[in-house]
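Trainee: The primary structure of each chain is shown beneath.
2 protein chains.
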Amino acid sequence: MGSVQESPMPDLSHHLNAHSRARHESPLKAIIKYMAVDGMISVAGGLPHSSLFPFESVSLNSYPASAVLDAENPKVPGDLDTWTIAKHPTSEQPLNLATSLQYGDGRGEAGLLKWAREFTKLVFQPAYEDFDILVNSGNTDAWSKVVGLLCEAGDSIICEEYSYPSAQSNWIPLGCFAAPVKMDEDGMRADALEKTLADWGINHPDQRRPRLMYLVPVGSNPAGTTMRAQRRKDIYDICVKYDVIICEDDPYCFLQYGDYEVEATTTGGQPGTPEQFLSSLVPSFLKFDYQGRVIRLDTFSKTLAPGNRLGYFVANKLFTQKLLEATQVETQAPSGWSQAIVFGLLSKWGIMGYVQWLSSLRDQYRIRRDWMCDAIASKFDVKPASSLDIPGAEGLVALAKGTSTPIFSFVPPTGGMFIWTRFYLNTFPAFQKLRADESCKDPELACEDALWVDLCEAKVLLIPGYYYIPWEGPTKATTKSRGGEAGIGHFRLAFSMSSKEEMNEALSRMATVVDAFLKK
Amino acid sequence: MGSVQESPMPDLSHHLNAHSRARHESPLKAIIKYMAVDGMISVAGGLPHSSLFPFESVSLNSYPASAVLDAENPKVPGDLDTWTIAKHPTSEQPLNLATSLQYGDGRGEAGLLKWAREFTKLVFQPAYEDFDILVNSGNTDAWSKVVGLLCEAGDSIICEEYSYPSAQSNWIPLGCFAAPVKMDEDGMRADALEKTLADWGINHPDQRRPRLMYLVPVGSNPAGTTMRAQRRKDIYDICVKYDVIICEDDPYCFLQYGDYEVEATTTGGQPGTPEQFLSSLVPSFLKFDYQGRVIRLDTFSKTLAPGNRLGYFVANKLFTQKLLEATQVETQAPSGWSQAIVFGLLSKWGIMGYVQWLSSLRDQYRIRRDWMCDAIASKFDVKPASSLDIPGAEGLVALAKGTSTPIFSFVPPTGGMFIWTRFYLNTFPAFQKLRADESCKDPELACEDALWVDLCEAKVLLIPGYYYIPWEGPTKATTKSRGGEAGIGHFRLAFSMSSKEEMNEALSRMATVVDAFLKK
Numbered sequence: 000m001g002s003v004q005e006s007p008m009p010d011l012s013h014h015l016n017a018h019s020r021a022r023h024e025s026p027l028k029a030i031i032k033y034m035a036v037d038g039m040i041s042v043a044g045g046l047p048h049s050s051l052f053p054f055e056s057v058s059l060n061s062y063p064a065s066a067v068l069d070a071e072n073p074k075v076p077g078d079l080d081t082w083t084i085a086k087h088p089t090s091e092q093p094l095n096l097a098t099s100l101q102y103g104d105g106r107g108e109a110g111l112l113k114w115a116r117e118f119t120k121l122v123f124q125p126a127y128e129d130f131d132i133l134v135n136s137g138n139t140d141a142w143s144k145v146v147g148l149l150c151e152a153g154d155s156i157i158c159e160e161y162s163y164p165s166a167q168s169n170w171i172p173l174g175c176f177a178a179p180v181k182m183d184e185d186g187m188r189a190d191a192l193e194k195t196l197a198d199w200g201i202n203h204p205d206q207r208r209p210r211l212m213y214l215v216p217v218g219s220n221p222a223g224t225t226m227r228a229q230r231r232k233d234i235y236d237i238c239v240k241y242d243v244i245i246c247e248d249d250p251y252c253f254l255q256y257g258d259y260e261v262e263a264t265t266t267g268g269q270p271g272t273p274e275q276f277l278s279s280l281v282p283s284f285l286k287f288d289y290q291g292r293v294i295r296l297d298t299f300s301k302t303l304a305p306g307n308r309l310g311y312f313v314a315n316k317l318f319t320q321k322l323l324e325a326t327q328v329e330t331q332a333p334s335g336w337s338q339a340i341v342f343g344l345l346s347k348w349g350i351m352g353y354v355q356w357l358s359s360l361r362d363q364y365r366i367r368r369d370w371m372c373d374a375i376a377s378k379f380d381v382k383p384a385s386s387l388d389i390p391g392a393e394g395l396v397a398l399a400k401g402t403s404t405p406i407f408s409f410v411p412p413t414g415g416m417f418i419w420t421r422f423y424l425n426t427f428p429a430f431q432k433l434r435a436d437e438s439c440k441d442p443e444l445a446c447e448d449a450l451w452v453d454l455c456e457a458k459v460l461l462i463p464g465y466y467y468i469p470w471e472g473p474t475k476a477t478t479k480s481r482g483g484e485a486g487i488g489h490f491r492l493a494f495s496m497s498s499k500e501e502m503n504e505a506l507s508r509m510a511t512v513v514d515a516f517l518k519k
Numbered sequence: 000m001g002s003v004q005e006s007p008m009p010d011l012s013h014h015l016n017a018h019s020r021a022r023h024e025s026p027l028k029a030i031i032k033y034m035a036v037d038g039m040i041s042v043a044g045g046l047p048h049s050s051l052f053p054f055e056s057v058s059l060n061s062y063p064a065s066a067v068l069d070a071e072n073p074k075v076p077g078d079l080d081t082w083t084i085a086k087h088p089t090s091e092q093p094l095n096l097a098t099s100l101q102y103g104d105g106r107g108e109a110g111l112l113k114w115a116r117e118f119t120k121l122v123f124q125p126a127y128e129d130f131d132i133l134v135n136s137g138n139t140d141a142w143s144k145v146v147g148l149l150c151e152a153g154d155s156i157i158c159e160e161y162s163y164p165s166a167q168s169n170w171i172p173l174g175c176f177a178a179p180v181k182m183d184e185d186g187m188r189a190d191a192l193e194k195t196l197a198d199w200g201i202n203h204p205d206q207r208r209p210r211l212m213y214l215v216p217v218g219s220n221p222a223g224t225t226m227r228a229q230r231r232k233d234i235y236d237i238c239v240k241y242d243v244i245i246c247e248d249d250p251y252c253f254l255q256y257g258d259y260e261v262e263a264t265t266t267g268g269q270p271g272t273p274e275q276f277l278s279s280l281v282p283s284f285l286k287f288d289y290q291g292r293v294i295r296l297d298t299f300s301k302t303l304a305p306g307n308r309l310g311y312f313v314a315n316k317l318f319t320q321k322l323l324e325a326t327q328v329e330t331q332a333p334s335g336w337s338q339a340i341v342f343g344l345l346s347k348w349g350i351m352g353y354v355q356w357l358s359s360l361r362d363q364y365r366i367r368r369d370w371m372c373d374a375i376a377s378k379f380d381v382k383p384a385s386s387l388d389i390p391g392a393e394g395l396v397a398l399a400k401g402t403s404t405p406i407f408s409f410v411p412p413t414g415g416m417f418i419w420t421r422f423y424l425n426t427f428p429a430f431q432k433l434r435a436d437e438s439c440k441d442p443e444l445a446c447e448d449a450l451w452v453d454l455c456e457a458k459v460l461l462i463p464g465y466y467y468i469p470w471e472g473p474t475k476a477t478t479k480s481r482g483g484e485a486g487i488g489h490f491r492l493a494f495s496m497s498s499k500e501e502m503n504e505a506l507s508r509m510a511t512v513v514d515a516f517l518k519k
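Protein sequences appear in the order of chains A and B.
Residue numbering for the first sequence follows numbering that gives the first Met the number 0, beginning at 0 and increasing consecutively.
Residue numbering for the second sequence follows numbering that gives the first Met the number 0, beginning at 0 and increasing consecutively.
Next up, chain A with everything else stripped away, as it sits in the complex (with noise of 0.2 Å):
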């Protein structure tokens, strides 16, 4: 694995949906093509004159690769770098607003594609040489592209046991299913997808077998997981068998940890080389992909800003070709802005400075990560799992503060930026009293929104874990028919945005609710 297939890839085109496979290339941009040619006068586009543009230049003032980033105290790197951006530069350079600000190609920025295809290639090693870039809007437009290229009406979707609701909002409407499947702190269990897929046609004789999956592999949201290598060799195998598409939707691809010890907060510390940083990443889908199964969705988001509104696909070209077919009369190209000034940095960065960049990013949220961590252990007792005899738990578990009630377990999330608790509901006289109501269907579902509201009047704002309860039909609303687990609820906590303050005072009300609560 790993090493650059020769072999013929198999024909994947019987993954395109009706949609897709009617689609063609734009008239208009085919004509596009002849103004290459030398001399030639166009009077064919209707393209604004550049002149036109109010626009004359943009300067920007952004941190330097080896910026040293402080989360104790986030301020201004001293030396900032000063660049600019003109619309007719007077020499030679690599961007101009003359051309970032009109109409572009579909496909992207043609040095951000370069960039971005050189990157691929260090960092992810994909395991075939011709996979192409696309450039989109980020990965939610992305996400929203692959579903519409795949999926068919009353297709059940392949997701983790409890999977991001705004990638489902895509394809409910459409009237597809998810098709959940059991994770543990790996994330998908392969051997559940394996069973899943075997006996689909025993337990779903009305649906087709699913053929696409949709994993967020690093970090998992809201999961907080992580897959290990060998885990995405097991289930590549298994998507090969069953003839399955990965979309591996990968925002916190950067932002990898090491284990989290109670109340031994990493400090900023020495921080490693780019070339450490990198060997230290999980491989990515792509260097098993000898197939071109794959496609990869790559975000500037989370680490540079959710606000660009930028991202590329990393796919075989018959992916990549219809997605552009749908991305030139659907959003036509991201915005000139956000192509220009991110291609600006990351030139003036280089491959390795942005490397640096993502290492140094990741010892922030590392930081923070180990701040909610401690933060929860400063206002529950917290007591390895293997050290207590409680069902199912994994990683830690928060006691009652002075007491041997068990609250909530948790595994600290090696990557991205979430800690997802598992919280045991039977401690809870509300929670019996919910259950032992005969028109309460979903107890679980009930007694984590009633908590969930406590907090909220407390002031303390986190996701309850039913949000993240893939939806799989009309008849599955039970916490018994949806496969829920009996006795247990979730709550979602992020620890990318707050100060160590701010976390400690949510976990104190936290904490405080909940004894509250114990009472009920």
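Among the hints, erroneous ones may be present.
The list cannot tell twin chains apart, which means a pair is met if one copy fits it or any two copies do.
Heads up, simulated EDC-like pairs for lysine to aspartate or glutamate below, C-alpha to C-alpha not over 16 Å straight-line [said to hold, decoys possible]:
#1 74 x 55
#2 458 x 37
#3 194 x 236
#4 232 x 190
No lab work stands behind these hints: they were computed from the structure.
Got chain A; can you put chain B on it based on the hints?
Mentor: Chain B alone, transformed into the frame defined by chain A:
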């Protein structure tokens, strides 16, 4: 008309397609509303920390609203405005990068929405009070979302006899068809529309009557026509009668010129006041829209720059709510850079400053329109159609120099960026041969294509008319079945981006190609 309507609006919800009706607000977006509670600590959203956005500030060098532009000599106006958007501004500023580059509200930047509302009220005077504004990523994105909002497979969409192909490329793969309506120099004909709808059941027994109209009412692409007020009112009333939704795609709205007079090229001259400019505009369909059945698409692509990928819907709340739900899972929001920079400029200019800019811009494109018409008149003998006896000819007729052989006619456009030429193919022996060839099903199209290839080889690129023939399905592929005019071809010439010299050279090459083609 034009006064604000107080009677209740009709319920238009039956227009939503099944996909739109199945959409719901994203649950994650709903939770974000709680963030506004005072004192709330949120560990809910997975937002990156803004201290980790590597952009500290951006400075723009932009034209003042009063910039004096010169088409003959396009250059930077003397005095530029310099202004900055900082991540954390020291004083009270309407914009900051910490917010603009974060995940944002799918509706759009609040200031921009407010601006768009005020601008719409001032300029377009909608006939009902509670119209809504929703930002999008430009009119391609917007139209794609309107198709996604309303169309079902098998639907027919009313459009003009010649219509923008990229708009059609959006609906064709969905299994929708065009319902083209004959045009005159005012654009879509009201009598032809009425007949199309009245006779629909007879002519299309298997297809649902069209419920959506796509129109570019100013500077129609490709036909260059601009629809005057009375025609709009007539069209609107027919749409009320037959319950049709009107999508007013209006990128060229502010590029409305007076009539063209041969060899009387307008110069910069004394610009009019912003008020004069506004009163010179034909009314938008919004002004007649007492029922909320107009979805207006406004964009900054032609007025500021296409690379902004920024525009907005003006429509009733039923539609904008569903468009917002689509936005949340499809594109999320337009680029934060685009929103901040465009709104920054608009704030700096003020609404009347923007109107002043639009007035100057209009003058620039009017000069270019005149250049192109003059170039035609210098390379062909141009006579008023009224002075010649050519069936169907309107506007001006271009005769081969020094002959009485009519080559094409055209109506000098009073708006937009395009001249639509109507070629008299019977003039060409090559066409007679094609017509005599029984294997040639669409000799008009074949002749147009042959001439187009000759033009390309002579290094003048324009767009053949057949690109703009609406696709009505596979059974309408001959001149006759598609309702094409016998012996007529078309080419579209854009006058937006070439210099005067290039236009003259392009027309010179065209005249040479035509002379040679006459002898083929």
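Trainee: Now look at each hint and say whether the structure bears it out.
Mentor: Right, here's what the structure says about each hint:
| no. | hint | result |
| --- | --- | --- |
| 1 | 74 x 55 | between (30 Å within a copy, 10 Å between copies) |
| 2 | 458 x 37 | between (66 Å within a copy, 8 Å between copies) |
| 3 | 194 x 236 | within (14 Å within a copy, 60 Å between copies) |
| 4 | 232 x 190 | within (13 Å within a copy, 65 Å between copies) |
In this structure, none of the earlier numbered hints is contradicted; all agree with it.
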